[in-house]
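In order, the protein sequences belong to chains E and D. With my numbering applied, the first sequence covers 194 to 309. With my numbering applied, the second sequence covers 194 to 309.
Check before you lean on any hint, since a few could be wrong.
In this list, chains with the same sequence are indistinguishable; a pair is considered to hold if it fits within one copy or across any two.
Here are the simulated SDA-like pairs of lysine to any residue, each with C-alpha atoms no more than 25 Å apart in a straight line [said to hold, decoys possible]:
| id | residue 1 | residue 2 |
| --- | --- | --- |
| 1 | K247 | P282 |
| 2 | K274 | Q198 |
| 3 | K274 | A216 |
| 4 | K274 | T296 |
| 5 | K304 | D200 |
| 6 | K304 | R257 |
| 7 | K247 | L286 |
| 8 | K274 | G289 |
| 9 | K274 | L221 |
| 10 | K274 | G295 |
Worth flagging that the hints you see were computed from the coordinates, not collected in a lab.
There are 2 protein chains.
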Amino acid sequence: MQATQPDQLSQTFAALADPTRRAILARLFEGPTTVNELASPFQISLPAVSRHLKVLERAGLITRDRDAQYRPSTLRVEPLKEATDWMAPYRELWEGRMDRLGTHLETLRTKGQHDA
Amino acid sequence: MQATQPDQLSQTFAALADPTRRAILARLFEGPTTVNELASPFQISLPAVSRHLKVLERAGLITRDRDAQYRPSTLRVEPLKEATDWMAPYRELWEGRMDRLGTHLETLRTKGQHDA
Chain E
194 MQATQPDQLS QTFAALADPT RRAILARLFE GPTTVNELAS PFQISLPAVS
244 RHLKVLERAG LITRDRDAQY RPSTLRVEPL KEATDWMAPY RELWEGRMDR
294 LGTHLETLRT KGQHDA
Chain D
194 MQATQPDQLS QTFAALADPT RRAILARLFE GPTTVNELAS PFQISLPAVS
244 RHLKVLERAG LITRDRDAQY RPSTLRVEPL KEATDWMAPY RELWEGRMDR
294 LGTHLETLRT KGQHDA
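With the rest of the complex left out, here is chain E (with noise of 0.2 Å):
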């Protein structure tokens, strides 16, 4: 039996889904960056920094020079787009009780001013 791949978001978001492969991204946003490099920060082997470079690879959230001596791996901001786009609904509804419970706050401290 053949697993299916699953889809793009599936795969952002259990890419993103561990605090290292985040830090990892976070450092890529500055520029690419050998493994060397990234494995510094981190107090962890550079096999294991290998293995979260290959799933944010599979991701597709990077990508990683082939040719380049220390296959330098560089940040892909496509995928995040379509996960910010999937959550941009729920921010609305976020901000919008933010704003309701702004102007009931808001109505509560002008009622308390005339009742004063």
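Given chain E, work out where chain D should sit, using these hints.
What follows is chain D alone, placed relative to chain E:
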């Protein structure tokens, strides 16, 4: 050996890494919903829906009514807010690239008009 509890953000992303769970959240976005109502559009069994709801509940993305007869589930947006906050800089990077591309295309277009 006791497994370490994953951090909230990792739990959120892991819970989102499944198309059925994302569809359940989209349905709950419209309001509290029972297991039966959730199962009907998905062609999956009630126990399968219940397993997905357990994952979402453990991740704090839903709450379930303990008392009401059909235990309706309610969306909790706070963990999603944390997740979108984490993604915000990457979105800005993406949008910055789009802005620069737009400026570049505009320059090419204007140049084309001047050259004509």
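Status of the hints after comparison with the structure:
no.	hint	result
1	K247 - P282	between (31 Å within a copy, 23 Å between copies)
2	K274 - Q198	within (20 Å within a copy, 28 Å between copies)
3	K274 - A216	both (18 Å within a copy, 19 Å between copies)
4	K274 - T296	between (31 Å within a copy, 20 Å between copies)
5	K304 - D200	neither (52 Å within a copy, 42 Å between copies)
6	K304 - R257	neither (60 Å within a copy, 35 Å between copies)
7	K247 - L286	between (35 Å within a copy, 23 Å between copies)
8	K274 - G289	both (22 Å within a copy, 12 Å between copies)
9	K274 - L221	both (16 Å within a copy, 23 Å between copies)
10	K274 - G295	between (29 Å within a copy, 17 Å between copies)
Figure legend: structure checked against the earlier numbered hints; hints not met, in rising order: 5, 6.
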